[in-house]
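Chemist: Spelled out, the chains give:
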Amino acid sequence: MLKVDSLSKRYAKNQVLHQLSFQIHPGEIIGLVGENGAGKSTLLRLLATIDSPDKGTISLDSLTYGKDKKEIRKHIGFVPQDIAIWDELSVRENMHFFEKLSYQSKSEVQLKQLCLDMNLNKWDEPVKTLSGGMKRKLNLAITLIHDPKVLLLDEPTVGIDLKSKKEIGTYLWKQAKEFNRIIVYTSHDMDEIRELCDRILCIGNDRFYEELLRKSGKEIISV
Amino acid sequence: MNDMLYARFLLWKKRPFSMLLWLILPIIGTILIITMTNSIQEDSRIPIGLVVEDDSALAHALMEKVKASNLVQVYTLTEEEAIYQLEKHDLDSVFVIHDGYESSILKGKRNNIISSYQTDLSLAYAPVKEMIVSLVQEETGRAKAAHFILDMNEQYNGQASWTWDEISEKSKEIQQDENLLNTAFRYYHSEQQVENTPLIAWNTWGLWAIISFITTLFLSDWVIQEKSMTVTTRFSFLRISRASYYFQNICLYLLLFLLFDLLAITLFTVLLHEFVSVPLVIHILSFRIMMTGLAFSIANCFRSKGTFYTVTILLALIIAIISGTILPIEGFIPKTRLLTQINPLHEFLAGKITIIWGVISIFLVLITLFRKERFNA
Ligand SMILES: Nc1ncnc2c1ncn2[C@@H]1O[C@H](COP(=O)(O)OP(=O)(O)O)[C@@H](O)[C@H]1O
Ligand SMILES: [Mg+2]
Chain A
1 MLKVDSLSKR YAKNQVLHQL SFQIHPGEII GLVGENGAGK STLLRLLATI
51 DSPDKGTISL DSLTYGKDKK EIRKHIGFVP QDIAIWDELS VRENMHFFEK
101 LSYQSKSEVQ LKQLCLDMNL NKWDEPVKTL SGGMKRKLNL AITLIHDPKV
151 LLLDEPTVGI DLKSKKEIGT YLWKQAKEFN RIIVYTSHDM DEIRELCDRI
201 LCIGNDRFYE ELLRKSGKEI ISV
Chain B
1 MNDMLYARFL LWKKRPFSML LWLILPIIGT ILIITMTNSI QEDSRIPIGL
51 VVEDDSALAH ALMEKVKASN LVQVYTLTEE EAIYQLEKHD LDSVFVIHDG
101 YESSILKGKR NNIISSYQTD LSLAYAPVKE MIVSLVQEET GRAKAAHFIL
151 DMNEQYNGQA SWTWDEISEK SKEIQQDENL LNTAFRYYHS EQQVENTPLI
201 AWNTWGLWAI ISFITTLFLS DWVIQEKSMT VTTRFSFLRI SRASYYFQNI
251 CLYLLLFLLF DLLAITLFTV LLHEFVSVPL VIHILSFRIM MTGLAFSIAN
301 CFRSKGTFYT VTILLALIIA IISGTILPIE GFIPKTRLLT QINPLHEFLA
351 GKITIIWGVI SIFLVLITLF RKERFNA
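From first to last, the protein sequence lines stand for chains A and B. For what it's worth, the numbering used here labels the leading residue of the first sequence as 1, then goes sequentially. For what it's worth, the numbering used here labels the leading residue of the second sequence as 1, then goes sequentially.
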C-alpha cells in the first residue's frame, strides 16, 4: 500500500502541494487531474523519490521514503512526461540497454513480449523513425522491465492517436488488475480518466475538475 | 562492468565512424606529420659531392660523419663526375678527400688534405665547408690524441704558418685547398661542436600527446550529450547508482583508449622506429589515466557541445605552445615554473610519470561523481 500523509511541497514562494493525504491499494488505478501548473508532475516526482517533500511522509508497504530510498526505487516504475529513450538505438537495443542495467534480468523473448503486449510490433527499427504512439509505448515498456509494484506515469498518452491511446489504456488496466500493481497517472483526457481509473485525485485550488468528474460516478479523493 | 560494456557498446556501435576516427587520429596524425616533415627535410638537404681518394679508416669515418648530417645530402663519386655535376648545378659544392689524408693527418701535415670546388651558385658552400672542417677537426683531434700526443705537441708549439694555398683554377670553378689543420686549430679552441639536430624537432610522442589531448576531449562529449537528455531520468531507477554509471563508463573509455595506445606503440615502433621500453609504457598509462579523467571533468562543465569543442581546440593550442611541441622555439616563451606546472602534458613530455596532474584529475573526477550523485539523489 502506498500511503501519503500531510505532504507539502513548495518552490520558493510557490506552495505547490499543501497537506496532501491519501492511500492507494495494490491493483488500483488513480487518475491525477488538475490544471497546468497544479502540481501533478511534482506529486509524481515525489512519489518516484526523485524529489523530496518539505513536509509529510510517504511510505510503500513497510518502507519509508527518504530512509529506504534505495530499496523503494527497485519497486518504482516512473514514466517521465518527456519521452526518455535513446533516440539513436532501435527498440530492441533500448530494451536491452535498460535490461542490462536493471534490477531484473529478462530474456530477449520476455523483452519482446513486453512490447508486443502493447502492440509495439516494431523491434529492429531505430527509435527516431517511430511514430509518437510507438515511442510512448516503448517509453512505458522500458519502465516495466524491472516489474515495479508502483507505476507512476506522467501524461503517458499525450499527443498520440486514439488507437494507441486505447492500447496503452488497456495495457495499464491489465497491469493493475492482473499483476496487482499500483498505478498513478496523469492525463488531460477526461474520457480516458473516467473509463480507466478506480479513483480520481484532483489537485489544485480549482474545483473545475471535481465538478466535471463528479457525474462519472467515480470516487474522488478530496485533498 | 560487463553489463555496462554491453550497454555502452550499443551506443558506440551507432557512430562507428566518428569513434574510430577520433581514436585513430593521434596515431595517423603523428605518423603523417613525422614522415612528412622528415621527407621535407630530406628534400631541403643540400646536395654535395664527396670524392674519397684516400682508402683509409679515417677517410671513411669522415665520409660517414658527413653523411650522417641532416644539413647535406651526400653523393660519393669520382672527381670527374663530381665536377661535371657541379657544372650542371646538380651539386652545390664538391669536396675531395685526397689520397694520403690519413697519413697526412697522423703526421701532422696540413697541406692538401681536402680540397673543394664551388661555383657562383654554391649558396650553401660556407656552412657546409665549416661543418666538414669541424668534423675533420674532431677526427684529427681524436686520432692524434690517441697516437701522436708527443708529436702533436711539437707541431702545435713549433709551427705557426696558417696559409690558405690556392692550387688551381678551372674555368669558372675555383679549386680551393684549405689548410684544414689551421681551421681545425681555430675550432679546437672555441670548442665548437657539430650540431646534428634536425631543422624541426618533432617529437613523436609529444605530437601524439597533443593530438590525443584533443581527441580524448572530443570523445568525452557523451558526458555533455547525456546530461541534456531526458533518458537520464531513468538512471535513478537503475541497479547501479549514477556515480557508478559514470565511473564505469570512464573506465570503459579508458580501456578503449589504452587499446588504441597499444596500437600507437606498435605502429610507432614499426613505422617510426621509436624505441619501446617499460618506462615508456608506464608513462603512457599514467598519461592516459590523467587524460581520461581530465577530459571527463572538463566535459562535465559544459552544456553545449559547440562551446566545448572550441574550448578544447583553444586549450590544445595553449598547451602545445607552452609545451614547445608545435613551436619548438626555446626562448620564444620563457619557461617559467608556473607555465610548466599548469601544463597537464608537461610530465609526459618531459619523459616522466604523470603524477601531479594524475592526482589532480582523479580528484576532479571524484568531486564530479560526488556532485552528480548528490544533485540527482
Ligand atoms: N524545479 C522547480 N523549480 C521551481 N518551480 C517548479 C519546479 N518544478 C515545478 N515548479 C512549479 O511548480 C508548479 C507545479 O508544476 P508541475 O508539477 O509541473 O505542474 P503540472 O504537472 O500539474 O502541470 C508550477 O507552478 C511550476 O512552475
Ligand atoms: Mg506536468
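Take these hints with a grain of salt, some might be off.
[Unchecked claim] One side of the interface only, derived from the structure: several residues of chain A facing chain B at Cβ under 10 Å:
(1) Q15
(2) G27
(3) I76
(4) P80
(5) I83
(6) A84
(7) K100
(8) Y103
(9) K106
(10) V109
(11) D161
(12) K163
(13) F208
Please keep in mind that the hints were generated in silico from the structure rather than gathered at the bench. No residue lacks a Cβ here, since even glycine has one placed at the ideal position from N, Cα and C.
Chemist: Now tell me if each hint is right for this structure.
Modeler: Hints and how they fare:
1. Q15: Violated - the Cβ of Q15/A stays beyond 10 Å from chain B, reaching only about 23 Å at its closest.
2. G27: Since chain B brings no Cβ nearer than about 22 Å to G27/A, farther than 10 Å, the hint is violated.
3. I76: holds, 6 Å
4. P80: Cβ of P80/A sits 5 Å from chain B, so the hint holds.
5. I83: OK, holds: I83/A within 10 Å of chain B, min 7 Å.
6. A84: holds, 4 Å
7. K100: Holds: closest Cβ of chain B sits about 4 Å from K100/A, inside 10 Å.
8. Y103: It holds, given that the least Cβ distance between Y103/A and chain B is near 5 Å, below 10 Å.
9. K106: Interface hint status for K106/A: violated (13 Å vs cutoff 10 Å).
10. V109: violated, 18 Å
11. D161: Cβ of D161/A sits 22 Å from chain B, so the hint is violated.
12. K163: violated, 25 Å
13. F208: At 30 Å from the nearest chain B Cβ, F208/A fails the 10 Å test, so the hint is violated.
Of the numbered hints listed earlier, those contradicted by the structure are 1, 2, 9, 10, 11, 12, 13.
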